[in-house]
Amino acid sequence: MGSNAKTAGTLDHADLSDIFNRDEPRVNWHDETLWFVRTKRDRAAHSLPEWELLRETASGIKHNVLSNLHNYLQQFEEKAIANGVQVHWAADAKEHNEIVLSILKKHKITQMVKSKSMLTEECHLNEYLQQNGVGVIDSDLGERIVQLAEEPPSHIVLPCIHKKKEEIGDLFHVHLGTEAGESNPQVLTEAARQHLRDTFLTRKVSLTGVNFAVAETGEFVVCTNEGNADMGSHLADVHIACMGIEKIIPERKHLSFFLRLLARSATGQPITTYSSHFKKPRPGQEMHIVLVDNGRTTQLGREDFRNSLKCIRCGACMNTCPVYRRSGGHSYHNAIAGPIGSILAPNLDMKKYADLPFASTLCGSCSNVCPVKIDIHDQLYKWRQVLVKEGHVSPVKAVGMKAMAFTFSMPRFFAFAGKAGRSLMRLFPFAVNNKLNPWFKEREMPAPPQESFREWYSKNRK
Amino acid sequence: MTSRDKILAAVKANQPDLRPLPEVVIPVSHADLIQKYTEVASGIGAKVYEVESVSQIKSILADHFDMSKRKVTTLADFADFAETDILQLDPHALEDVELAILKAELGVAENSALWVAEQHLGQRVVPFICQHLAILVEREKILPTMHQAYEYIGERDYGYAAFIAGPSKTADIEQSLVLGAHGPRSLSVFIV
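These protein sequences, in sequence, are chains A and B. Under my numbering, the first sequence has 308 at position 308, and the numbering climbs by one with no breaks. Under my numbering, the second sequence has 1173 at position 173, and the numbering climbs by one with no breaks.
Hints are not guaranteed to be accurate.
[To be verified] Derived lysine-lysine pairs resembling DSBU-like cross-links, with alpha carbons at most 35 Å apart:
| # | chain 1 | residue 1 | chain 2 | residue 2 |
| --- | --- | --- | --- | --- |
| 1 | B | K1141 | B | K1058 |
| 2 | A | K310 | A | K204 |
| 3 | B | K1069 | A | K253 |
| 4 | A | K280 | A | K79 |
| 5 | A | K40 | A | K94 |
| 6 | A | K164 | B | K1047 |
| 7 | A | K204 | A | K79 |
| 8 | A | K40 | B | K1047 |
| 9 | A | K79 | B | K1006 |
| 10 | B | K1006 | A | K253 |
| 11 | B | K1058 | A | K280 |
| 12 | A | K373 | B | K1012 |
| 13 | A | K441 | A | K94 |
| 14 | A | K397 | A | K441 |
| 15 | A | K40 | B | K1006 |
Bear in mind the hints are in silico, worked out from the structure with no lab data behind them.
Given these sequences and hints, build the entire structure.
Okay, here's the thing in structure tokens:
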């Protein structure tokens, strides 16, 4: 078990990673699959000489958004209302869920189709609606798969990246009636297509997420590869679009920067198949936008962490993260996993998510691939300091940190401790090669060197 | 205090000092746009044809698709080839459309996306519900990047519009690419 303070029955990132790491071949496969996506991202990014300029500009646009959000939100609302859209404001997840339910109740709806929306995952909308007698079918293939498996998505762009095709085949055999043992992705996708086509044709309400909302025009843009957001919304009588307040961008022309960056960063595609611009409801249709705070205004006020609100949810930081790739999305026990999830989650609940900023090597790869240049690894480091100060870190870790700070601040003691450690490892290897030493887990301890670098340097320097 | 007022007040209190919008010019090349467009489109599973006439398009479509099945279009030139009277239909009535033929206002060479706006769709659901999609775009309307595309779109009004790049697809099962997720199984682009 991990070492963090936790309430009984709550597993932290280290515990959940242990469970994920029991199946080593699967961990290797997970690692390689995500690295494959990362290399596709690299090829796409390197093919554009202006890539860094695009990142810098997109980051600058988002900074302007955060600094002028008060005006942009009102401008967006005014334009959206003028376009015939009904605008709602939700202070938190609970209010968001209640607003959605009230729209469904008004239309006496008990069945809804939903395309991908990480915000609704954050708000646990599906569970809430189910408890209130509304069935939700997720229409993104990956989300439908994890829904059938009764699991949350493990990745914001690739929801079932942790699942093998054979497992998906088993799920489809039980729920969609495909042949037992069928695991061909082509065949399974076709089965889902037929099943979901029927869903699209029979649902009166469609809920979608929002990738970007334009203050200047009141329109919002939804990006998919499958076409599921469009299939749902263009057939439904009511379209509900849910968005965090940070999704606003100032002008339509700014979409060019974000659409150039989003899919290339996410999967290495030059653009998603569909970038749909919804501005007005179609004749006879009702369109709603729910603007959600749920902690975002608090994060906006945290100077060190507000840049996390620039995130466009591409998932590049997850694909590149050595910890994410080898611990899996579910180990983050949060709707948004990986490095970005680890800086967003403590804002919502420091105690519950105190472990997440420590689930990082601080290697900085996340910051290097982020299309809007969020200083992710710096924020992870800063969260650690906040969490220790606020008393959300276990005494064991805090004492360890203090001992390390003491050692590093005393050169003589540091030299002595190093020497003692090397002797100890040579004379009594079992003192470190045992299960009580967390560094021994999954690793062989290295052979101790005869001397430290400092000793070597003082002998050899000319 | 309503949630709206609470949120706006919190935003105002917490937002940082105003930072200006960046004004940048992204370098652009106008060379070989058709070739670039065709390469990118083919790379993501679309078929691209450079054609001289409408009759040529019709014969290509007749060769590739089942002509006994339902075809719809919003283009007058195709009135003898496909159903044009779709504006008043309930969108669900388009469920059995095999082939839809539409026109894009512009194409983007860097990513092969085609801009289709509501005015040219007949119904918003048309390019999604059909089994196969064919889109015409004028040769001069292939622009280098998304920046030129949004410059062209400017401030024009629409209720709905979309960039469409390639057939609908998914790689959600073990990253294996499958064409034909929920939308069209194929996209044919005709550069005229």
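Do the alpha carbons of K397/A and K441/A lie within 35 Å of each other, as the hint requires?
With a Cα-Cα distance of about 17 Å, the restraint between K397/A and K441/A holds, given a limit of 35 Å.
Next pair to validate is K1069/B with K253/A; report whether the Cα-Cα distance is within 35 Å.
40 Å, violated
35 Å limit on alpha-carbon distance, applied to hinted pair K40/A and K94/A
Violated - the C-alpha atoms of K94/A and K40/A are around 38 Å apart, more than 35 Å.
With the threshold set at 35 Å, check whether the alpha-carbon distance from K79/A to K1006/B stays at or below it.
Holds. K79/A to K1006/B sits at ~21 Å (cutoff 35 Å).
For K441/A and K94/A, compute the direct alpha-carbon distance and say whether it is at most 35 Å.
41 Å, violated
For the pair supplied as a hint, K310/A and K204/A, confirm whether the alpha-carbon distance does not exceed 35 Å.
33 Å, holds
Please verify whether K164/A and K1047/B have alpha carbons no more than 35 Å apart.
Holds, at roughly 31 Å.
Quick one, are K373/A and K1012/B close enough, alpha carbons at most 35 Å?
Holds, because 24 Å separates the two Cα atoms, which is no more than 35 Å.
Holds or violated: K1058/B and K280/A, Cα atoms, limit 35 Å.
34 Å, holds
Has the given pair, K40/A with K1006/B, been kept, meaning a C-alpha gap of at most 35 Å?
43 Å, violated
Does K79/A sit within 35 Å of K204/A, going by the straight-line distance between their CA atoms?
This hinted pair holds, its Cα atoms lying about 26 Å apart.
Check whether the Cα positions of K1006/B and K253/A lie no farther apart than 35 Å.
With Cα atoms ~30 Å apart, K1006/B and K253/A stay inside 35 Å; holds.
Checked against the numbered hints given earlier, this structure breaks hints 3, 5, 13, 15; the rest are met.
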